[in-house]
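Chains as they are written, first to last, in this note's numbering: chain A, 550 to 905; chain B, 356 to 655.
One should not assume that every hint holds.
[As the list claims (entries may be wrong)] The calculated DSSO-like cross-link candidates involving lysine-lysine, where the alpha carbons are at most 30 Å apart (straight line), are:
hint, chain 1, residue 1, chain 2, residue 2
1, B, Lys605, A, Lys792
2, B, Lys460, A, Lys862
3, A, Lys868, B, Lys637
4, A, Lys854, B, Lys460
5, A, Lys854, A, Lys873
6, B, Lys460, A, Lys873
7, A, Lys862, B, Lys605
8, B, Lys379, A, Lys862
9, A, Lys854, B, Lys648
10, B, Lys357, B, Lys460
11, A, Lys868, B, Lys605
12, A, Lys861, B, Lys357
13, A, Lys873, B, Lys648
14, B, Lys379, A, Lys868
15, A, Lys556, B, Lys519
16, A, Lys868, B, Lys460
[Claimed, not checked] A few chain B residues that don't get close to chain A, going by computed Cβ distances all over 12 Å:
hint, residue
17, Gly400
18, Glu538
19, Ala580
Calculated directly from the structure, the hints in this document are not laboratory data.
Here the structure is a predicted model, which is why all the values come from computation and not from measurement.
Just so you know, even glycine gets a beta-carbon here, dropped at the ideal spot from N, CA and C.
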Amino acid sequence: MADYTLKIRRFDPESGEPAYWADYDVELPPERSVLDGILQVKDREDASIAIRCSCRAAICGSCGVRINGRSALACNTRIGEASERGRAGVITVEPMGNMPVVKDLVTDMEAVHWRKVRRVVPWLVPAEEPPEGQEYIVPAEAMLDVTQAMACIHCGVCVSACLSLEVDPDFIGPAALAKAYRFVGDPRDGEHEARLKDLAEDPHGIYDCTHCFACVEVCPKDVAPMNQIMRLRRRATGDYGIKDQNNGYGHEKAFTNILERWGTLHEAQLLPRSFGDGSLVKGQTRPSAIRQLVESLPTVIQGLKSGKVSPKKALVHPKLPDQKQVRRIFDEVESHDERIELNLYIIGEMAGEENE
Amino acid sequence: MKLAYWPGCVSRGFTPELHGSVAKVAPLLDLELVELDRANCCGAGVIAEHNQELADTLNARTFAMAQQVQGAAGMMNICSTCQGAQSECQERLDASANYRGEVNKHLEPEGLSYQTGGEWWNKNFLWILAEEIGFDALRERVQRPLTGLRIAPFYGCYIVRPSKRLGFDEFPQRDAYLDLLIEALGGEAVEYAGARKCCGFPVITMNRTTSLRQAGRHLADAIDAGADCLVTPCPLCHLNLDLQQPAAQKFVERDLGIPVLHLPQMVGLALGLEPEELGMGKHVVSTADVQRKVADLAAA
């Protein structure tokens with residue numbers, strides 16, 4: 550009597566046949582992993598099923614797959630829980646998304662993941678020579694900020710889940726950008742600004758992330774790649790004032806300026822201000838801004854025609870009754886010399902104690 | 356039930372039909388809404404991208420105002436993005452007493468302070484329907500079951516991810532509520548690939564191609580799955596899926612033309628309200644087909 554059914558997507562490019570789904574029975578207690586299930590099937594029923602795996606303990610990052618459509622490590626997913634989430638208890642297992650399949654559950658990590666990682670110059674470019682005859686020692690607290698990015702095991706699960714990559718295969722992607730932050734946040738690296746400028750100007754760089762949390766949701770190591778991308782943006786705009794051709798800088802400035810001035814979002818000004826580095830005047834006079842405004846014109850007209858937006862609403866936006874409070878908060882918080890960031894990855898457990 | 360009510364910016368801006376339909380629907384559900392008309396924008400993740408402490412302080416201000424509403428069970432929002440941005444700030448504020456103290460100092464001049472602990476919550480209208488009212492109680496209030504209407508749910512990222520932060524430990528079905536709600540109202544929930552994917556709105560000014568390919572693809576998937584319309588609890592998704600739909604056609608190289616309802620509009624139809632009361636004429640993609648089907652239901 551089988552405990553679980555695995556529905557595995559099989560594909561052998563050398564056979565010349567298309568991919569197909571095949572069901573396999575597994576006998577295992579619920580706390581064992583989906584990987585254990587696949588290995589049992591290989592052992593008992595069909596040794597030709599291809600899967601890449603090694604440590605079985607979520608350390609090596611080899612066994613990334615999609616289980617019931619959700620990207621995950623097979624070794625890190627309990628078979629009982631997977632069955633609860635599967636349709637009629639059946640657990641579907643298919644190769645990771647956004648990358649070519651080599652055979653069955655094995656994907657080509659080189660074609661997408663490693664190529665993108667190399668794109669971000671994944672090594673330290675020292676700012677200065679180490680002191681004569683000594684190592685370059687960094688204070689431990691200076692490295693705290695990058696420990697989360699350093700926890701990455703390069704399993705590719707976030708790449709598989711990324712919803713931007715799904716529509717733009719050229720997007721540098723969550724894993725590689727998290728890797729980029731690992732060096733941008735490292736005080737020993739001497740190329741912070743050049744790295745940020747490169748990633749901000751690339752149309753498939755930091756501003757091609759749609760902020761959908763898909764990578765955060767699936768990462769088995771809590772690297773939260775999207776958060777690292779947001780940090781790259783924060784550094785690019787806040788620390789270096791990099792004005793990029795993708796309006797990343799403009800969008801952030803526009804949004805921030807509008808809130809500081811009105812307290813709520815004045816949507817009609819967001820577009821021109823985003824196209825003009827945050828400035829309404831530049832956003833209506835600069836040639837590149839005009840081109841983008843013209844491109845958006847049909848949408849604006851649709852909005853007016855539908856009655857969603859009236860010309861008055863587009864021009865006049867009410868200030869909050871207590872806008873002074875919002876402005877004061879902006880002044881107080883933005884006048885700090887040091888940026889205060891609370892990273893739960895780092896302080897999580899400590900904070901719990903502090904609350905008691 | 357009395358609730359502090361945060362409508363968000365977009366519901367009073369480019370999707371006024373959303374704000375209006377909540378006003379019509381709430382009394383039919385015995386929800387007494389005290390609108391936080393002095394509260395500020397949640398920052399939509401953009402302010403957090405700019406300065407985390409600023410985003411946390413601005414939302415702490417909103418939470419503190421909501422906590423001052425006498426007799427309110429909690430705070431309600433009507434936007435997946437507000438839910439996500441505010442939950443993110445709340446998680447940090449709740450995690451550290453020191454940090455919370457620092458943030459609250461900025462609110463002191465107005466006598467405001469965000470207090471953690473206890474039963475206080477901030478829930479999207481969808482969660483209110485599922486958890487505070489309940490689908491069984493809702494079923495009893497249905498005046499016009501949406502029989503035969505094939506509705507594709509579109510959740511919006513921020514209300515389903517990250518699940519750890521969004522209370523899925525306590526409410527594991529939060530990523531299925533929209534499907535369950537459609538069924539409770541008598542409609543048919545359409546299964547399609549895009550239900551929990553990204554509408555693309557956050558990068559509409561930064562990468563139009565990525566943005567509208569996303570919107571276009573999900574709309575096309577819903578059409579191919581036989582949907583009559585989509586429904587979403589997120590007005591920002593609505594902007595990309597409805598307002599931008601004509602433009603999105605170009606990026607997926609096919610005709611689209613599928614109406615997108617706001618969550619309270621769908622609820623309102625089932626509770627017997629008329630489409631015009633729910634602002635269904637204020638969409639870019641005509642809702643006429645949905646209106647006709649609903650009228651046929653009433654006639655039958």
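In rising order, the numbers of the hints this structure does not comply with: Hint check: 2, 4, 5, 11, 12, 13, 17 fail, others pass.
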